[in-house]
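Q: One line per chain: the protein sequences are A and B, in this order.
Just so we're aligned, residue 413 is where the first sequence starts under the working numbering, counting upward by one.
Just so we're aligned, residue 25 is where the second sequence starts under the working numbering, counting upward by one.
Treat the hints with care, as some may be off.
[To be verified] In silico DSBU-like cross-links for lysine-lysine, where the CA-CA straight-line distance does not exceed 30 angstroms:
| # | chain 1 | residue 1 | chain 2 | residue 2 |
| --- | --- | --- | --- | --- |
| 1 | B | LYS449 | A | LYS521 |
| 2 | B | LYS247 | B | LYS188 |
| 3 | A | LYS683 | B | LYS40 |
| 4 | B | LYS440 | A | LYS496 |
| 5 | A | LYS629 | B | LYS358 |
| 6 | A | LYS521 | A | LYS683 |
| 7 | A | LYS630 | B | LYS397 |
| 8 | B | LYS398 | A | LYS630 |
| 9 | B | LYS355 | A | LYS629 |
| 10 | B | LYS449 | A | LYS629 |
| 11 | A | LYS521 | B | LYS114 |
| 12 | B | LYS40 | A | LYS630 |
| 13 | A | LYS644 | B | LYS358 |
| 14 | B | LYS440 | A | LYS419 |
| 15 | B | LYS76 | A | LYS451 |
| 16 | A | LYS768 | A | LYS797 |
| 17 | A | LYS521 | B | LYS76 |
| 18 | A | LYS512 | B | LYS76 |
| 19 | A | LYS521 | B | LYS40 |
| 20 | A | LYS416 | B | LYS76 |
| 21 | A | LYS783 | A | LYS839 |
| 22 | B | LYS397 | A | LYS629 |
| 23 | A | LYS629 | B | LYS398 |
| 24 | B | LYS440 | A | LYS416 |
| 25 | B | LYS355 | A | LYS630 |
| 26 | B | LYS310 | B | LYS188 |
| 27 | B | LYS40 | A | LYS629 |
| 28 | B | LYS425 | A | LYS644 |
| 29 | A | LYS472 | B | LYS449 |
Rather than coming from a laboratory, the hints here were simulated on the basis of the structure.
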Amino acid sequence: MLQKNDKFHSCNGKRVKIMDFIGDGGQGEVFRVEYNGDKEYALKWYFPQNATQEQLEILKVLVKIGPPDRRFLWPLDIVQHSEKPEIFGYVMPFRPQRFKNATGMLSRKIEPSFLSLLTSCYQLSDSFLQLHSKGLAYRDISINNIFIDPETGDVLICDNDNVAYENTTYTGVSGTPKYMAPEVVRNETQPNRFTDLYSLSVLLFYLMYIAHPLDGKKEAAIHAMDEAAQRKLYGFEPLYIFHPTDKSNEPDPEFHANAYAFHEVLPQSLKNIFEKAFTIGIHEPAKRVEESVWRGLFVGLRDNIVNCSCGTESFYDITRVKQGIETKCWNCGKTIPIPARMRLNGEIVILNNNIKLYPHHTSGILFNFSKPTAEISEHPTLKIKGLKNLSDDIWFVTKPDNSILQVPPGRSFALENGYTVKFGLVKAEIRL
Amino acid sequence: MEIKGKAARPGGEISKRYLDLTIMPDKSASMNEMGKMASLNTAIREALPYIKAVQEENPGACIRLSVMPFSHGAEWQQKEPVPIEDYIWKDIIADSVPQNANQGNGNLEIVFLIDTSGSMSNEIEAVKASCVDFASAIEKQGLGVKLGLVGFDIGGFRGTPSNKFQVHNLSRYTIGCWPLSSPKQFKENINELSVCLFGGAGCYLASQDTVDIFPHVVNTFGKANANRVLVIISDEIGDDSGLNAIIKNLQGSAVKTYVLGVSYGNAHKEIARQTGGEFWDINESKGKKDFTSLLVHSVAETIGREAKKTLADGSVSLGTDMGAAITLLTKRIKVEAMPSRCLPPVSILVSDGQPTDDFYGALARFNEEPWAKKMVRLAIAVGEDCDTNVLQDFIGNKEIKPLIASNSSQLIKYFKWASTVVLRKVSSPVNTGGVVDVPRYVDVVPEPEKEKVW
Chain A
413 MLQKNDKFHS
423 CNGKRVKIMD
433 FIGDGGQGEV
443 FRVEYNGDKE
453 YALKWYFPQN
463 ATQEQLEILK
473 VLVKIGPPDR
483 RFLWPLDIVQ
493 HSEKPEIFGY
503 VMPFRPQRFK
513 NATGMLSRKI
523 EPSFLSLLTS
533 CYQLSDSFLQ
543 LHSKGLAYRD
553 ISINNIFIDP
563 ETGDVLICDN
573 DNVAYENTTY
583 TGVSGTPKYM
593 APEVVRNETQ
603 PNRFTDLYSL
613 SVLLFYLMYI
623 AHPLDGKKEA
633 AIHAMDEAAQ
643 RKLYGFEPLY
653 IFHPTDKSNE
663 PDPEFHANAY
673 AFHEVLPQSL
683 KNIFEKAFTI
693 GIHEPAKRVE
703 ESVWRGLFVG
713 LRDNIVNCSC
723 GTESFYDITR
733 VKQGIETKCW
743 NCGKTIPIPA
753 RMRLNGEIVI
763 LNNNIKLYPH
773 HTSGILFNFS
783 KPTAEISEHP
793 TLKIKGLKNL
803 SDDIWFVTKP
813 DNSILQVPPG
823 RSFALENGYT
833 VKFGLVKAEI
843 RL
Chain B
25 MEIKGKAARP
35 GGEISKRYLD
45 LTIMPDKSAS
55 MNEMGKMASL
65 NTAIREALPY
75 IKAVQEENPG
85 ACIRLSVMPF
95 SHGAEWQQKE
105 PVPIEDYIWK
115 DIIADSVPQN
125 ANQGNGNLEI
135 VFLIDTSGSM
145 SNEIEAVKAS
155 CVDFASAIEK
165 QGLGVKLGLV
175 GFDIGGFRGT
185 PSNKFQVHNL
195 SRYTIGCWPL
205 SSPKQFKENI
215 NELSVCLFGG
225 AGCYLASQDT
235 VDIFPHVVNT
245 FGKANANRVL
255 VIISDEIGDD
265 SGLNAIIKNL
275 QGSAVKTYVL
285 GVSYGNAHKE
295 IARQTGGEFW
305 DINESKGKKD
315 FTSLLVHSVA
325 ETIGREAKKT
335 LADGSVSLGT
345 DMGAAITLLT
355 KRIKVEAMPS
365 RCLPPVSILV
375 SDGQPTDDFY
385 GALARFNEEP
395 WAKKMVRLAI
405 AVGEDCDTNV
415 LQDFIGNKEI
425 KPLIASNSSQ
435 LIKYFKWAST
445 VVLRKVSSPV
455 NTGGVVDVPR
465 YVDVVPEPEK
475 EKVW
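Same shape as in the complex, but just chain A (with noise of 0.2 angstroms):
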């Protein structure tokens, strides 16, 4: 295997050179390289049986199409070794420390707030779009190819040698039996765009819920957990743990207790989606919830969360709203005063003390969080809360009676009832 110091030519001409081992997976072994003089980059080195010619031919295609965006650790080039070029690996983005492999959230040795995790869904739903859209397919979706960063929820997706054009034939592995779609445990059809949003959903739901969809009653009255078992229950009689009739695989509250305790918790409109996911969804491809509706869904949920003063997160849920219901901590059991908040395209925004307006916001350049354009800020004498503008856009807002206010880049306006703010063309109504 790979020494020290070892040196080769990339495919590409570049010099790299064995710094590190880091780790050894299931296919092959990852070391630190300097990669064209940058250390910033990881080889994974393919066990000889491992690495096929399959296997090159794909990373291949791989590297020249580039990575979807920066969120994957892609395939850059190939490396093939010097005396045994049947031997080889790729080069990819070394991950940097802050980012754990999300298998933690499950033993909860990773604990993100609610923020950072409905950032890590929304990043992850934004990313396999941009796999999708470029013709691609994951094939393996599942927890253990995504590290996230737990202070910011910022995501990254690993292990992508799987990856292949959509129509490709291709032996290698068929995905991880809780992730995969009915249909591929069934054997009936090879991965594709549509197993690929079926594993999304799956890996979305075990972020969000620390259980499994369809891990229920059934699940509970097995004892050997063997692959005849998990091809019964995720291939050919799946059944959503919170199917809206059929209560036959309901949690079972000994076994699936966190599948309860987040149901209590989690908004209705996440709900919706989801049984939607695992109803019509665990039987039509067609018609699973598709990226794009994850990605909106989990920016707008960003936007719904209030802080309790016991230091933990819950959910302005609009539906509860609605119905006189008041929002109680998950933690204390206190009521949450609901804090300021502005009504933006007919989406509730909670401005907490916390919160950041993004041109995602501000300007209406979904999903643009590249720099903040507000935030919250508070009177330098007085108690007043106010929304401070950190872009380069001169704010106008308009009070109850109509007169107008200017505010400046740099400059904060108090929060009031009434007041509509124009933060250009986004205009948005401010709720106390």
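With chain A held as given, fit chain B onto it using these hints.
A: Leaving out everything else, chain B in the frame of chain A:
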């Protein structure tokens, strides 16, 4: 925002299923040879971080490790399976080589007394093949065990006289005696044997007229202080009229006698019983018999690898109680003893020899357990003396072959493979058809170096 020391969101960990990994290492005295036990300890120690990594990857599994060394009997190292995060490896210590061991000094002599009468025509080739296999096994051990051969029959010598063996015409029988020789020479000798070579009219032990065969048999043995083993192979039986005289002769010369004979009548069974040997039914085996494993305790005793030991329950153990290990495992996987939520358990049997107890009986009982069917069973042979057929039968799945580790680095590789690839597949099986793709991996593991560590 990460809330330190406090959950930022509701709920707890995802619910887990137990994944029990059992390692059953042979710690018989022979594992001391050539650093085999040290290599095994190293291999398991090196595999632990990989098992821990698989645990990290699979929060839905709770991997627990149990270790059950066996030699004289078998015993769990820990009462309960230990979660892998908490596991602290304790080196296994192999049994010490018995003090009185006389390794390879030719202290064992085995003489085969073989019936060449016409009735043996169905069995003689199988008998010869078994004897050749046995001699090969002895030869491979490189030990100074000496093997002799006597053919007997009624009707007179019908072959060409040879200086390799001596023909004696007795009161009724004609016998041919090949002197003690090396296993290699013995293989040539046994090939000279054919049906009817000494007449073909029959062999009726232990009638009175067979008594005079035995002084010649006893004379075939050499050193007075050697362990003497006689193996009689015959498919005919006479009356008991000479039985006492024969037994007296054998006992007086300290010859332990094993008989592959017929089960009706007394004579064959009694000769074996009264001289401390064993009786096997020739009709069941059709002449084919694996003497290597059947005689292994006699062999083992003499070559000094193992020692006899009386266990707490009064039974005598001969050092590689693989059956006892299987029996202990059977108790652990009983439905009532298993937790309610599991992934298929995995077990790894590691041995360098052959079972010396009732392995097959134990295995049959084990196989009746529902969890035995779910278990992924792997086996590693340490060195080439190991009986891989036994390991294959333990695995119980022809698609998975025993792994043969002929040196330390192979052993480490196999353990690493078992603890990563196999555990991964069990904790999260990929839908590729077979559960475990062992042979493919084994094929591609390159021979790391030619020199053998043992």
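Q: Give a verdict on every hint.
A: Verification of the hints:
no.: 1; hint: B:LYS449 with A:LYS521; verdict: holds (23 angstroms)
no.: 2; hint: B:LYS247 with B:LYS188; verdict: holds (20 angstroms)
no.: 3; hint: A:LYS683 with B:LYS40; verdict: holds (25 angstroms)
no.: 4; hint: B:LYS440 with A:LYS496; verdict: holds (24 angstroms)
no.: 5; hint: A:LYS629 with B:LYS358; verdict: holds (24 angstroms)
no.: 6; hint: A:LYS521 with A:LYS683; verdict: holds (25 angstroms)
no.: 7; hint: A:LYS630 with B:LYS397; verdict: holds (22 angstroms)
no.: 8; hint: B:LYS398 with A:LYS630; verdict: holds (19 angstroms)
no.: 9; hint: B:LYS355 with A:LYS629; verdict: holds (29 angstroms)
no.: 10; hint: B:LYS449 with A:LYS629; verdict: holds (24 angstroms)
no.: 11; hint: A:LYS521 with B:LYS114; verdict: holds (28 angstroms)
no.: 12; hint: B:LYS40 with A:LYS630; verdict: holds (15 angstroms)
no.: 13; hint: A:LYS644 with B:LYS358; verdict: holds (25 angstroms)
no.: 14; hint: B:LYS440 with A:LYS419; verdict: holds (27 angstroms)
no.: 15; hint: B:LYS76 with A:LYS451; verdict: holds (29 angstroms)
no.: 16; hint: A:LYS768 with A:LYS797; verdict: holds (14 angstroms)
no.: 17; hint: A:LYS521 with B:LYS76; verdict: holds (15 angstroms)
no.: 18; hint: A:LYS512 with B:LYS76; verdict: holds (17 angstroms)
no.: 19; hint: A:LYS521 with B:LYS40; verdict: holds (15 angstroms)
no.: 20; hint: A:LYS416 with B:LYS76; verdict: holds (25 angstroms)
no.: 21; hint: A:LYS783 with A:LYS839; verdict: holds (19 angstroms)
no.: 22; hint: B:LYS397 with A:LYS629; verdict: holds (24 angstroms)
no.: 23; hint: A:LYS629 with B:LYS398; verdict: holds (21 angstroms)
no.: 24; hint: B:LYS440 with A:LYS416; verdict: holds (22 angstroms)
no.: 25; hint: B:LYS355 with A:LYS630; verdict: holds (28 angstroms)
no.: 26; hint: B:LYS310 with B:LYS188; verdict: holds (29 angstroms)
no.: 27; hint: B:LYS40 with A:LYS629; verdict: holds (15 angstroms)
no.: 28; hint: B:LYS425 with A:LYS644; verdict: holds (29 angstroms)
no.: 29; hint: A:LYS472 with B:LYS449; verdict: holds (28 angstroms)
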